[in-house]
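Heads up, the sequence shown stops at 545 in my numbering, and the numbers go up one at a time, no gaps.
Calculated from the structure, these hints are not laboratory results. Heads up, some of the hints might be wrong.
As the list claims (entries may be wrong) - No more than 30 Å apart at the CA atoms, straight line, and that leaves these computed lysine-lysine pairs for BS3-like:
1. Lys30 with Lys42
2. Lys30 with Lys178
3. Lys382 with Lys405
4. Lys149 with Lys178
5. Lys382 with Lys397
6. Lys280 with Lys380
7. Lys123 with Lys108
8. Lys209 with Lys196
9. Lys308 with Lys329
10. Lys72 with Lys178
Fair warning: this is a prediction, and the values are worked out from it, not measured in the lab.
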Amino acid sequence: MKVSAVRFMLSAVAALAVSGSVTATGEDAKSDVKVLTTENFKEWTAGQEMALVEFYAPWCGHCKSLAPEYEKAATTLKEENIGLAKVDCTEEQALCEEMEIPGFPTLKVFKNGDAVAYNGTRKEAGIISYMRKQMLPPLSKLDADSLDKFTKSDRVVVVGFVEDSDSAEYAALDALAKELRDEYTFGVVADKDLAKEHGLTSPGVVVFKEFDDGKDVFAEDITADSLRSFIKASSVPVLGEISGDNYSMYAQTGLPFGFAFYDTEETRKTLEKELYSVAKAHKGALNIVLIDANKFASQADHLNLERKWPAFAIQRQANLDKYPFPQDKTITEEGVADFVKSFIDGEIEPSYKSEPIPESNDGNVFVMVSKQFNEVAFDKTKDVLVEFYAPWCGHCKNLVPIYEKLGAAMKQNKNLVIAKMDAIANDVPSSESALQVYGFPTIVFIRGEDNAIVEYTGNRSLESLVEFIEENAATKVTYNKDDLKDHDEEDEVDEDEEVEEAEVEPKAKEEAKDEPKAEEAKEEVEEVTEESEAEKEAKGNHDEL
């Protein structure tokens with residue numbers, strides 16, 4: 001992930017952490033969510049054919065946001081004999097340790113007492129859809145009587161029309177159904193006459209959906225790879241509206257985004273008219289989406305767009321490279337079509353945000369900016385240690401005196417650069433996966449000679465940082481050991497202190513989780529919330545995807 005997206009994600013974490021409310025620990029007579037304790041946990045889960053259990057903490061912001069969604073899902077699913085329950089880990093610590101709960105909230109699916117990970121969303125519709133899928137076999141066998149109802153059972157339903165269950169096509173469909181069962185509902189029909197009714201000859205596949213034209217027909221040779229790509233592209237609208245609620249739906253396709261920003265209903269309608277044909281022509285190559293600039297203006301900032309509407313930009317998911325459409329040009333069907341084609345053909349360069357190169361850079365710590373990053377970081381004559389930080393990050397502020405002393409101690413080494421980069425004001429112009437920054441501060445070492453990249457995962461003490469440099473440097477380092485002793489105890493960072501993490505909800509990547517262990521975690525979450533909200537206020541009061 002490019003570092004420019006990290007603040008965007010931290011704000012999303014903060015927004016979740018300050019919203020919603022959690023239900024009381026005690027049993028609520030009106031609630032359809034069962035309260036579990038050490039006393040009734042094993043008996044209840046063993047007695048459920050299918051159940052979902054949330055492990056939570058009352059102070060957890062994500063848990064509070066989940067609570068109303070979870071309650072509504074429980075009410076719906078109880079009619080289908082799917083139970084939803086919850087465990088307060090501040091009250092049932094031994095039980096949560098036994099279940100190896102890594103963070104809050106953690107959800108687990110129980111099938112007759114056996115637990116497996118829950119991989120769905122934290123929204124009512126997503127919970128319902130996911131749990132219904134768990135009640136079905138990966139690939140349901142259908143006939144004329146069951147087909148119609150089955151195709152309407154979920155938002156996206158995949159049906160293969162394959163006569164021969166011993167064929168390669170059936171094997172590919174079956175394998176894909178097992179792989180993607182958490183995301184889509186799969187069925188198979190052996191009746192070739194039913195295939196003809198849906199406009200294809202057997203074997204073939206139809207993706208039924210609740211939007212666009214209602215279905216997409218896949219009439220190519222059925223292989224797992226080709227069908228997987230087709231299903232993912234078909235699972236989102238040709239030109240839909242994106243928000244925090246459905247971001248993960250688009251993200252799971254793995255395709256680049258084409259963000260079209262509007263600020264009025266009139267502008268929205270104009271963009272729909274101009275972009276629909278472009279979106280349809282390039283479906284499967286990228287997802288063009290409409291986005292409300294009144295709510296998500298900060299996303300435009302991340303895409304290096306000025307806050308002038310309408311606006312358009314493309315962003316890759318793999319490395320978060322961004323390609324803003326020139327804002328001195330009018331957004332038209334023809335103009336965007338040419339821009340998208342140039343992007344697909346690799347004819348345009350990504351945009352990188354950068355501060356000016358400092359006029360002087362003689363301090364103990366080299367100030368790095370995007371414009372000079374590759375030149376300095378990948379100079380094979382030098383080893384480089386670089387810290388990616390955010391100005392509002394509390395852990396980064398605590399590291400400043402230690403990092404300065406490290407720079408002073410290592411200053412005499414001409415083949416070693418101790419550097420830092422403001423990861424909010426600068427993008428990292430590199431596709432190296434090891435330089436995708438997920439939290440602050442992130443420290444990496446780029447070795448001279450071969451440019452190997454090693455991420456620092458130790459505690460943030462001066463001695464540990466020196467040891468890390470010595471272990472990875474291509475050239476032997478020298479320093480005055482007295483420089484390492486001449487620092488205050490208060491500058492030390494707790495060895496157990498964790499790097500702040502900001503993982504985006506959308507799965508592909510798992511939703512961010514509050515750390516467990518009561519008060520320490522609570523303070524950590526509150527710190528992230530406070531800093532992110534301050535940063536958000538400085539940018540204006542806007543939501544985050």
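Comparing the hints with the structure gives:
Distance restraint check for lysine 30 and lysine 42: the Cα-Cα separation of roughly 23 Å lies within the 30 Å cut-off, and the hinted pair is therefore satisfied. Note on lysine 30 and lysine 178: the hinted pairing is violated, with a Cα-Cα distance of about 37 Å set against a maximum of 30 Å. For the suggested pair lysine 382 and lysine 405, the alpha carbons sit about 20 Å apart, so the restraint of at most 30 Å is met. Note on lysine 149 and lysine 178: the hinted pairing holds, with a Cα-Cα distance of about 21 Å set against a maximum of 30 Å.
A distance of roughly 27 Å separates the Cα atoms of lysine 382 and lysine 397; the hinted pair therefore holds under the 30 Å criterion. As the CA atoms of lysine 280 and lysine 380 are separated by approximately 46 Å, the hinted pair breaks the 30 Å bound. Between the alpha carbons of lysine 123 and lysine 108 the distance comes to roughly 15 Å, so the proposed pair stays at or under 30 Å and holds. Taken as a hint, the lysine 209 and lysine 196 pair is honoured in the structure, with Cα atoms around 19 Å apart against an allowance of 30 Å.
Simply put, lysine 308 and lysine 329 have alpha-carbon atoms about 12 Å apart, close enough for the 30 Å limit, and the pair holds. Annotation: proposed proximity of lysine 72 to lysine 178 holds, straight-line Cα distance about 28 Å (limit 30 Å).
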